[in-house]
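Participant: Numbering (the working numbering), first residue to last: 1 to 80.
The hints are simulated quantities; they were obtained by calculation from the structure and are not laboratory data. These numbers come from a predicted model, not from an experiment. Hints are not guaranteed to be accurate.
[Said to hold, decoys possible] Dumping the calculated SDA-like pairs for lysine to any residue here, alpha-carbon to alpha-carbon at most 20 Å:
id, residue 1, residue 2
1, Lys-68, Thr-50
2, Lys-61, Ile-45
3, Lys-79, Cys-51
4, Lys-72, Cys-60
5, Lys-72, Thr-50
6, Lys-72, Trp-49
7, Lys-79, Ala-67
[Claimed, not checked] Now the in silico label distances, taken between C-beta atoms and shown as ranges:
id, residue 1, residue 2, range
8, Thr-71, Met-21, 25 to 33 Å
9, Arg-23, Ala-67, 23 to 31 Å
10, Pro-77, Ile-48, 36 to 44 Å
11, Ser-11, Ile-48, 44 to 52 Å
12, Lys-7, Met-47, 41 to 49 Å
13, Ala-24, Asp-65, 39 to 47 Å
14, Thr-71, Met-18, 39 to 47 Å
15, Gly-55, Glu-16, 39 to 47 Å
16, Asp-65, Gln-12, 22 to 30 Å
17, Pro-74, Glu-16, 31 to 39 Å
Where is the CB? At the ideal position from N, CA and C, for every residue including glycine.
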Amino acid sequence: MADFDFKVPTSQAEYEEMKKMIRAEISDNDLDNIVGGNDDLKDKIDMIWTCPFCGAVVNCKFVQDAAKHMTKCPNNPYKK
1 MADFDFKVPT SQAEYEEMKK MIRAEISDND LDNIVGGNDD LKDKIDMIWT CPFCGAVVNC
61 KFVQDAAKHM TKCPNNPYKK
């Protein structure tokens, strides 16, 4: 058996309890990074990138600009 015991919530009450537990374990700084609050990265770049799925040309100024495009790309095969 694994070191953790995870149970999928089967009711709204169990879901809310799990959400509170997970939120309590994530610091505010980590949460900002998850939702994209890291636009001030020091890793600034200046690069032209072409999306392999839709052919859009993105002028990347920050490391995460290509990833931001992929969340909106209409031909992204990993987005459902």
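Participant: Give me the numbers of the hints this structure contradicts, sorted from smallest to largest.
Facilitator: 10, 13, 14, 16
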